[in-house]
Amino acid sequence: MFNIFLPVADMSINLFLVLGIGGLVGFLSGLFGVGGGFLLTPLMMMIGIPPAVAAASDSNQIVAAAASGAMAHTRLGNVDMKMGLIILIGGIAGGTVGVQVVKVLRQMGNFEFAVKMVYVLMLGGVGSAMFVESLRTLRKKAPTGGQAGDTAVGQPKFSAFFNRLPLKMHFKKSGLHTSAIFPFTIGAMVGFLAALMGVGGGFIMVPAMIYIIGMPTVVAIGTDLFQIVFTTANVTLQQAITNHTVDIVLALVLLIGSTVGAQFGARVSKVLKGEQIRILLSVIVLVMMIKLLFDLLITPDSLVGFVAAKGGH
Amino acid sequence: MTRRLLQLALAAWCLLAWVPAAPAAQQEMVTDHSQQSIEVDIRFHGERIYFFGTVPDPKAEVVVKLVPLKSPPIKLTRKGKVVLFWMGVKQFEIKRMPFLYKIHSSRPLKEILSPEVAAKYRLGYQTLKNDMELTLLKGTPTPDDRDVMFKGFVELKEKFNLYRIAENRIRIRKGRLFDHYFTFPDKAKEGDYLVESYAIKDGRVIAIARDKITVRKVGITAWLYRTAQENGLLYGVLAVIIALGAGLLVGVFFKGGGH
Chain A
1 MFNIFLPVAD MSINLFLVLG IGGLVGFLSG LFGVGGGFLL TPLMMMIGIP PAVAAASDSN
61 QIVAAAASGA MAHTRLGNVD MKMGLIILIG GIAGGTVGVQ VVKVLRQMGN FEFAVKMVYV
121 LMLGGVGSAM FVESLRTLRK KAPTGGQAGD TAVGQPKFSA FFNRLPLKMH FKKSGLHTSA
181 IFPFTIGAMV GFLAALMGVG GGFIMVPAMI YIIGMPTVVA IGTDLFQIVF TTANVTLQQA
241 ITNHTVDIVL ALVLLIGSTV GAQFGARVSK VLKGEQIRIL LSVIVLVMMI KLLFDLLITP
301 DSLVGFVAAK GGH
Chain B
314 MTRRLLQLAL AAWCLLAWVP AAPAAQQEMV TDHSQQSIEV DIRFHGERIY FFGTVPDPKA
374 EVVVKLVPLK SPPIKLTRKG KVVLFWMGVK QFEIKRMPFL YKIHSSRPLK EILSPEVAAK
434 YRLGYQTLKN DMELTLLKGT PTPDDRDVMF KGFVELKEKF NLYRIAENRI RIRKGRLFDH
494 YFTFPDKAKE GDYLVESYAI KDGRVIAIAR DKITVRKVGI TAWLYRTAQE NGLLYGVLAV
554 IIALGAGLLV GVFFKGGGH
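In order, the protein sequence lines correspond to chains A and B.
Counting from 1, one number per residue, gives the positions in the first sequence under the numbering used here.
Counting from 314, one number per residue, gives the positions in the second sequence under the numbering used here.
Next comes chain B alone, as it looks inside the complex (with noise of 0.2 Å):
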């Protein structure tokens, strides 16, 4: 992977070299990552790619959004104290919220977007909260339920690095190349993630690129994931023989075994 980064650090400089300076109507940019798929096997435990991009224009500001390409709706509990006791109270199914959300940019997004920018492209947690569909499943409402389980979820998502925005993390050099990298966390699901880099200059969105990566189970791990969801009789059964197995052949080394 290290070599693949000097690579792609090379190509982009290369760039940066023969392109001379490109006039501020091209409005083109050109990104590239250091990896194309991410593959989810026993060892896995999270894992950086690197995107390089080339800035259309000297006085540009940067922000990259990464996000799954889909994200179903999910159910969440609102907890409250039942006498003594904290326990879910209320149930919500929360809609339009993406599974991963992740915002790098070269300055804070207040400074260089304005809220209708914001709005058009959701970047910035505030556009998310006004995006949400969130229904009421199972008791009462009440008027803070929007603000609390927004609250509540993003935390949720932080704690698991499925959710992050850090501005000031892009650099940009020499007003024309930037790097940065995402890391996709153990919890990041299957499937297509996309990345967009937006160009940003005067308040407007002048060029945007994308990038797609995959996230995908191999080997032993997708064979047992894929098993267990799909065919839960033949798991379970092999569950319990390798048990059985495994639990015997203790018993013959170690007298006792583990019980």
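Chain A with its partners taken away, still in its complex shape (with noise of 0.2 Å):
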């Protein structure tokens, strides 16, 4: 009755599950100011949608949803255009490999094990170190030196490093002067996962901009949203070409409901503390790894998998 068919994922899913699963992320998101892609596409995994359409659909709705954000950070000036662009380039380039590798791994039959592998890693990773430096930061003990893992390290020392390399430019809007080549690789890099997991990358890319580049933080936030929405424009046009996989319904569908999901969100996130919230999105995400983790280690339901047919699904 309350069905809807997914034109590219070739099958019928119940429309409220959908509207559930993207108010629920959406809610989520909006509590804690991230984009919320690594939880939708497990989440579009576990209800039965194919992972490669899964991923790729994420990412059609993930260029939605940072559209308006992007638009209102440019107006307001907090987009360092300059260094977007050049992550954008790295991110297109890394996006349009990681598409290819998506192919490969599709006609391989092990996307999926690879999909959840890469998840399990950066989930775990990010995960651990937002629980570690919130949980130092609620105990009141100031963060010193650099070993919260790959998150929370001192800047001084990478400016050095930065310092030593070619390619150096003047940021303006960042207030800094430093070499090309980082901001580039941790493009390539973002928009590589981008392609694979159907994330927009803000849990790995903000960090990296306010902890190794040295941006400010408004900076940073309104330049990953601006290169967000190109890089995840850029896979999503890729995957359409190259795997077919995305489901443009289920993308709108999301779309909704992360969208309304979002504006309570915002509002219960005005009540809790930061350190609260950090702490809470450290141990979801960490649940969410664990499962996927479980998911590789356990003996698999059915030991027969289907392989993707070529040039479609």
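Simulated from the structure, these hints should not be mistaken for lab results.
All clues stand as given, with none of them false.
Listed next, the stretches of chain B that the computed footprint assigns to chain A, with coverage defined by at least 3 CB atoms under 8 Å from CB atoms of chain A:
(1) 355-367
(2) 383-391
(3) 395-407
(4) 540-547
(5) 557-564
Examples of chain B residues toward chain A, derived with CB under 7 Å:
(6) V461
(7) G465
(8) F466
(9) E468
(10) L469
(11) D499
(12) K500
(13) T534
(14) L537
(15) A552
(16) V553
(17) F567
No farther apart than 30 Å at their CA atoms in a straight line, the calculated lysine-lysine pairs in the BS3-like style are these:
(18) K103/A to K451/B
(19) K470/B to K408/B
(20) K388/B to K291/A
(21) K403/B to K388/B
(22) K464/B to K291/A
(23) K394/B to K291/A
(24) K103/A to K470/B
(25) K103/A to K403/B
(26) K383/B to K103/A
(27) K103/A to K500/B
(28) K403/B to K464/B
(29) K472/B to K103/A
As the structure is a prediction and not an experimental result, all values here were calculated from the model.
Even for Gly, the Cβ is constructed at its ideal location relative to N, Cα and C.
Build the complex from these two chains, which are given one at a time in their own frames, with help from the hints.
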């Protein structure tokens, strides 16, 4: 009765289930101020959407979800265009390569395995770093040094290193004079992950911009949203051309759900404290990571899997 | 659809009343269905089609098989444990296995069919298994490959309601009229499907009747599906433009948007 047929996933699904998941992820993204793509792809896979369709359609949804935010930040002058463009060049290169890797993995019949493995590694790394750091702040111990993993690292060490690299440029908005090599590299890495995981990658990009490149927080967020719109647009386009896995109906239903959810999330976030929010987010990230890890470790329901047909799904 | 169903039922009963107790030698089977085609649109979530038919001999049993006219070969992986993790370790190509396979019968197949007759008409999983062509594409073969792949394949198909054997599903009224329905699940592919009804007596097939059903996508669902498969560039550009439009629109309605 309340089913909707997804034309590219080529299956029927309960409309309210998809709206609900979109709403939940939107709520969390409104609450935590993150994109939420890293929750969306695994949840879509759990309800039976083929993994490749889940990732590609999430990229499509992120284009929409990030567009208005990017527009607002551009208007407010929070986007470092020069930095954004360099990251974007990397993002487009990484995303394009990523989509080809998706194609190869699907033909090997191991895309699902690969995507879950990458999720376990990324969520595990980011989740534990976030958990440790927010726990430390909650205990009122000032973070000293860079033992908290790959995110919370001191800035000076890196500035000195970047100063020795070639291709130095002046970034007026960020107030930096630094090499373009690192922004390009991180852009390429995140673009690659965006294609593989169906995420925007803000959970890696923003900390990298703040802690490693040394950009001001507001400019980092604005610039990240700006580059996400174009990076995910490129991934969407490439997925449609190479893997035929973008389900626009699924993306639009998710967008509706997440938009409504985000409104509630933003309201609740005003009640909670910053550190409480971060520790809650890290717990959600770690729970998702453990669920995916179990999927890889326990004997699967079926010992047989389908392999993507050439060019199709 | 209900009205069509009633008409059919009525027609079938009239047929029964008209035909005077047919001599066993005539052995003709007449069948009909409630719908010729299934249209897959945005609200499609599977559909039932009702089938009716006459039984040529009061002592005959009925078996009905639903298969697509064409079933291209497909590739499958066999999962195995690598260090700690389960992943695809071998790849196979499977031929001669129908994409969709459903059997309904008036009595258990084993009780009414000899193995030879079952094999000839491909009735029952065992006959499919005997017929299956399995080619190893990647990996090392092991003796249990055939069993594991067949079992896993059928289980996956059954999970999506694409394979099903339902014995005793068909009712025969007064030894002359049978009726039942097949569910075409949401994952039924586009194309022509063949419904073969067999009248079986003393282990032999005494009559066969055939119905053809067509599944096709219509409307926006058909257009999106075909464009996505055949013109990825156009589809991709469209997906990006629609997403940008929707995102900005949402941003106007709800300040801050969905991000």
